[in-house]
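Generate coordinates for the entire structure from the input sequences, incorporating the hints supplied.
The listed protein sequences correspond, in order, to chains A and B. Here the first sequence is numbered in full-length UniProt numbering, starting from 1 and rising by one per residue. Here the second sequence is numbered in full-length UniProt numbering, starting from 1 and rising by one per residue.
There's no promise every hint is true.
You can't tell identical chains apart in this list, so a pair holds if it fits in one copy or across any two.
Cut-off 20 Å, straight-line C-alpha distance, at most; resulting in silico cross-link-like pairs (EDC-like, lysine to aspartate or glutamate) [as the list claims (entries may be wrong)]:
1) Lys-90 / Glu-561
2) Lys-612 / Asp-698
3) Lys-90 / Asp-583
4) Lys-650 / Asp-749
5) Lys-364 / Glu-705
6) Lys-61 / Asp-783
7) Lys-612 / Glu-703
8) Lys-650 / Glu-77
9) Lys-90 / Glu-252
10) Lys-609 / Asp-629
The hints are simulated quantities; they were obtained by calculation from the structure and are not laboratory data.
Residue strings, one per chain:
Protein chains: 2
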Amino acid sequence: MEQNEKDPLIKVSSGSLSYRTEEVVTTNDETNAESSSWPPRKQNRSTETVAVGSLDVLSAKYESLDYEVCENHLFLEEERKTGYSFYIRKNVARWFIFLLIGVCTAILGVIIDITIDVLSHIKYGYIKDYIDHCLTEDCLYVPYLVWLGFNVGIVLIGSFLVAFVEPVAAGSGIPQVKCYLNGVNMPRLLRIKTLVVKVIGVISTVAGGLAGGKEGPMIHAGAVVAAGLSQGKSSSANKDFGFFYYFREDHEKRDFVSGGAAAGVAAAFGAPVGGVLFSLEEGSSFWNQSLTWRIFFASSVCTFTLNIILSSYHGHPGELNYYGLLNFGHFENLNYELFELLLFCFMGVIGGILGSVYTYVNYKLTVFRMRYIKARILKVLEACFVAAVSATVGLLMIYTLDDCKPLGQDPTEHPVQMYCRDNEYNSIAALWLQVPEASVRSLFHDPPASHDPWTLLLFMVIYFILSIWTYGLSVSAGIFIPTLLTGAAWGRVIGILIGYIYPNATWLDPGKYALIGAAAQLGGVVRMTISLTVILIEATGNITFGLPLMMTLMTAKWVGEFFCEGFYDVHIHLQAVPLLDWDPPPLSSNLFASEVMGYPVVVLPTIVKVSKLVEILSSETYCGFPVVDKITNESSQPSLLYSLMESGGKLRGLILRSQLLIILKNKLYIESDETWNHQNLGRNLFRHHYPRYPTIKDIYIPEEEMNFTIDLRPYMNPSPYTAQHVASLPRIFRLFRALGLRHLIIVNDSNDVIGMVTRKDLARYRVWRHLGHMGLEELKISDKI
Amino acid sequence: MEQNEKDPLIKVSSGSLSYRTEEVVTTNDETNAESSSWPPRKQNRSTETVAVGSLDVLSAKYESLDYEVCENHLFLEEERKTGYSFYIRKNVARWFIFLLIGVCTAILGVIIDITIDVLSHIKYGYIKDYIDHCLTEDCLYVPYLVWLGFNVGIVLIGSFLVAFVEPVAAGSGIPQVKCYLNGVNMPRLLRIKTLVVKVIGVISTVAGGLAGGKEGPMIHAGAVVAAGLSQGKSSSANKDFGFFYYFREDHEKRDFVSGGAAAGVAAAFGAPVGGVLFSLEEGSSFWNQSLTWRIFFASSVCTFTLNIILSSYHGHPGELNYYGLLNFGHFENLNYELFELLLFCFMGVIGGILGSVYTYVNYKLTVFRMRYIKARILKVLEACFVAAVSATVGLLMIYTLDDCKPLGQDPTEHPVQMYCRDNEYNSIAALWLQVPEASVRSLFHDPPASHDPWTLLLFMVIYFILSIWTYGLSVSAGIFIPTLLTGAAWGRVIGILIGYIYPNATWLDPGKYALIGAAAQLGGVVRMTISLTVILIEATGNITFGLPLMMTLMTAKWVGEFFCEGFYDVHIHLQAVPLLDWDPPPLSSNLFASEVMGYPVVVLPTIVKVSKLVEILSSETYCGFPVVDKITNESSQPSLLYSLMESGGKLRGLILRSQLLIILKNKLYIESDETWNHQNLGRNLFRHHYPRYPTIKDIYIPEEEMNFTIDLRPYMNPSPYTAQHVASLPRIFRLFRALGLRHLIIVNDSNDVIGMVTRKDLARYRVWRHLGHMGLEELKISDKI
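Below is the structure:
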């Protein structure tokens, strides 16, 4: 837990804020006119227990990543010793790892894709055969049982693994990756175990017929691959390969994870540029040219590798037509008339509304699950139940609706005749008896008369409900494909309806409207902007269609935001993650550091006794301690507490809890030969323990060593970023965001430490918007979630 | 001029650095081991006059833009008064301006394109007619004279305007826009006069047959359009329309200029995504999601508008096939075999080498011009001479080389028979008798046997030399098209040669190799990375070909960087612009703020006498003054000088020269009714004067007002960013770069002002690389350039 969140309830308790404001005023002449009366704030000052599923709480449990380079003595020593050749070598290693990330992510994607392909082929083949067979034999319950058996059996495996082995592998993983890239340390997100569960989980979801996609999980998988490859060791397997040790730092690891996520997008959609933009849009606070270039390299390599393998697998080696797992197929003639842009905007409005409905209902469902479906076995049962319902609904539609279309250019692999005449097939069965992304392709490319609008509308409603129900189950499943499918269905319906009104319109192509509908629905749900546009452009392979897609997405996003937040954001808030936005909340300039910061702060002297250090580390849970040189109060208390504006001593540096633990663990306070070796190891000693540090309880220190002293100066960061107590919230926010800080020390006029700002202190201020109104909101911080 | 560059020669004079280092050591125990001996530095400590054309000098004349929001009293007052409705209105206005930027840039692009089209059509039509006519009449000198007359006449207009009216309109404008986006205030870059000269200039360059393109100037034009539209006034025309006054700040203007540059790229290449990436790669230090989205909006709108107008102009309204000014044409089947990637890399190597040759020779030529071609009339004459040579060389090639190809699918508008048989045409005349971008298209798409490799090679060499000669003339001309044409020529030659070796290769398409050659050459010259790849992908309209393009560009860049810097960078260094790189120079952590900063600093007390203020502003040229509250030395001297580590008083804020001038100009020190009105105007008073502030000589203050005092606190920035004297160079650099600072105040342990860091202090440290070696270099700063 970070500095100053020791007792979060005190921080938000009634009156504490105004109390601080009054104190500040006395030191700051220019600003006392602006007390906290304006702009209007929605304050959550209640101290009662936080309700489950509340969106305005931050959990105290999430810690920040530390992107700051600690330029201490060891760092300078290493830099002097290694020189430019090491700098070059490190750069070469970086490129090599990005190459590996691209290749490995592609291979993983291929494994997922082919396994699903094979399983689905078997499953739908059997079902089709049984339907064809039983129609004459009157045993239609048999294909139902087969379908049920397949679905429930396969989903059981996946949901069991997710529920009992690694719950963090549930869902799409995009919100979690987004949080990680934003700078929040998401526990267990990047472990190998998570990857294994995710891969098996997503195969079981799609092959098991749930309304979930493999694209989100693919992005998560890419991120894990990147994190694993770059560290040259596996903490889970307790195996250290020794190479790439110099990348064992948060900021290096984050760069690789950005590349992995981008490669994941590239593999999922065949969109290397979209992948780069995804990583940037979701993650990077600081645009770095060479990093972006490397990320682009990884995603290009990934698309290329995937393309080569999949082309060979599908029997066209060298043709390179399989850019990604999700293939929108080839659009022949995607032209549009000027007035159609208005239609597309209108469809954007529908997408925004439907997306908000999706988000809101799923949110309510998630809260219900958080309250009542807590036991793991219940979660597994729910997943199996949904799988069974999916099969039931699908078969019911096939059995009851007679939507017959002539055979010919078969849009499906398993055409089912049902009650249709010879040379006809049941078009609703065609939609159900294939994986959802094949259905998306069908809706995009089927010839104009392939579908009946009312059946399609019914299909859309049912699939919409199923996909809402599916997300949040204890399975690995993304929302891209189900959302696209829903949108493509109603988009195509609109296209068909327009065809009824203007039967002679040459510009009309229901497939085009299906594409716009899919984009609108997706935009209304996820609310991504430029990256989503580029992903869709790349997935359609058509650059001309950029502007229509963009306008649709933009309308969908704006309309959606009028009603509620984006889907991923809602789930992030449900998890109470302290995510930092891109910009500080508007009109927050009259909030000052002294109001925002946490205090009192526990400080350490430059030379400290081992016993004292152990005492502080045992009693406090803070992650960073300012080091000061003028200790005014040499009492026996473990921590030195100062009230606001009182001197905490002149700031000398900042030392992290993890550094202190390693110092104690390796007895760096003893001047022995062995210690000397450790000191020669320098930063590598600290890297060795990254990212899982010992706890204070794991460290045994003999009684006689308790009186030793230790000089913190070689280890501490000698010039941490600071801000003055009069700095405004936007100013601190920009500093924090642009530099990826974890701790920002607040000093007074004479450079004495008076407080500390961490991520949660800033994430606590958020703008609320509701039907056109807006204001500043203060979130609660709770350590209960 | 900024704080601390008062006497630049002192700063770089021999020994001053080590002197400072010694002083620092006494206050910093941990770092005294690392004195300046390591890593190796190449120090330019000479005091002699700087040689013309030197690459390791920074001019003291360029000032920084100021992206920091000055959160003073007036700011808070405005924020409180205007509230959320104003915030929303401002956002709507932003979107509206980005829409306008897109539309207007497109219209400008269309005007340029159509004018060039018409002029070229007339010119080449006449020449073709005369050649056809004179071949029988034996008057071949007539078409030569016609060609000469056209070229020299048209170029004369453009070069006269550039030389005598607005020299900043010369060249492509990309280096200057890059500097502006980096944060350097380039004088006169964004004025309407510059735009007019640029537009006429680029038309005259291309229509006049010089080896220059219209793409670079298009980007510059977009930037000017954006700057003009966003400010709601024209300082040149002395007209204030009153709207958009709230965008009259450096950081707002920069955002719009990013959008304009992106729209320019979109118009030039039909590459909206490439445009966004260009703006980001060249400009943004801080990735901002909503800004990026707006930039994308502007570039999409721009492509769309341009497409609509050009499609109608070319007689296919509604077909929307003209994405940009430069159209690569439709590539049918851009597939490639795996082993071809190696070939592409090899071509990248050639591109890197040729690009370096291009850059180096042009650099030498530019230095020659800086020394000897100084008179404006000489510049005009040189441009006309090159125009004449271009015509001569072209006609000589047509007259002497008989490269006949059968007529049929005419790749050119004006096929010339010359000495060819009937039903044949002269293929070299086809290359010369059209605008260069049409030649690029010919080389990409002509059927395999259209060109003879040796003629093509000769053409390439001649065009290469012409294009080197052309850039740097006093005309507006970009390098994209000539570079692409050179590359396409040798690329096609390679394609043809491979065809000789493997006559049966089905994968072989000379057009594909022309494309790769063009990319390699361009990559070797400009060394852009992701944005160039995406621009080329969008211009070819083929996403599959992303990886080959990327690998070619990457190889070309790496090989090129082994030899010399990129073309734009060389020209930026020649202009001695203090450009900040993306990252701090490697291994510079042992340089500390106390070594980097400028000192002594001129500080102001919080309450200052008018006479003193006038005195300081008259005698000092600094742009920012720290405001302190404890003045230890109340002498009559205009400035308070402190030696290193001695207290300059407790830091209270930072006030800019421009603010002080406006305070004096508007007599804000007098408490009259009129002043009260001014104070009500608040920030608008300051915005009114943006960006051209009065000088101290323009301000008359009566003798009786000289004894008035003024309280600076309502106007100053109360919490400027600071760093401690022990902060390392990379730490300061990141702070500076990420936040777009202009002044960074350096304080000591007790928060007393001891120095100031500006852009030039950081830009002064640069890595030199030469054939595999690297080290840290300190540039000279000179006020002579």
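Right, here's what the structure says about each hint:
In the homo-oligomer, the alpha carbons of Lys-90 and Glu-561 lie at most 20 Å apart only across protomers (18 Å), although the nearest pairing inside one protomer, at 44 Å, exceeds that limit. Proximity of Lys-612 and Asp-698 under a CA criterion of 20 Å is satisfied intra-copy only: 17 Å inside one chain copy versus 65 Å between copies. Taking the shortest Cα distances, Lys-90 and Asp-583 sit within 20 Å of each other only across copies (16 Å), while inside one copy they are farther apart (33 Å). Taking the shortest alpha-carbon separations for Lys-650 and Asp-749, both the intra-copy value of 11 Å and the inter-copy value of 7 Å come in at or below 20 Å.
Within a single copy, Lys-364 and Glu-705 get their C-alpha atoms no closer than 56 Å, and across copies no closer than 69 Å, so neither meets the 20 Å cut-off. Taking the closest pair of Cα atoms, Lys-61 and Asp-783 come within 20 Å of each other only inside a single copy of the chain (6 Å); across copies the shortest separation is 55 Å, beyond that limit. For the identical chains of this complex, Lys-612 and Glu-703 are intra-copy neighbours only, at 13 Å inside a copy versus 66 Å across copies, given an alpha-carbon limit of 20 Å. With identical chains, the CA atoms of Lys-650 and Glu-77 are never at most 20 Å apart, being 26 Å at best within one copy and 34 Å at best between copies.
Proximity of Lys-90 to Glu-252 under the C-alpha cut-off of 20 Å is restricted to the intra-copy arrangement: shortest distance 11 Å within a copy versus 38 Å between copies. With identical chains, the CA atoms of Lys-609 and Asp-629 are at most 20 Å apart within one copy only, with a shortest distance of 14 Å there and 39 Å across copies.
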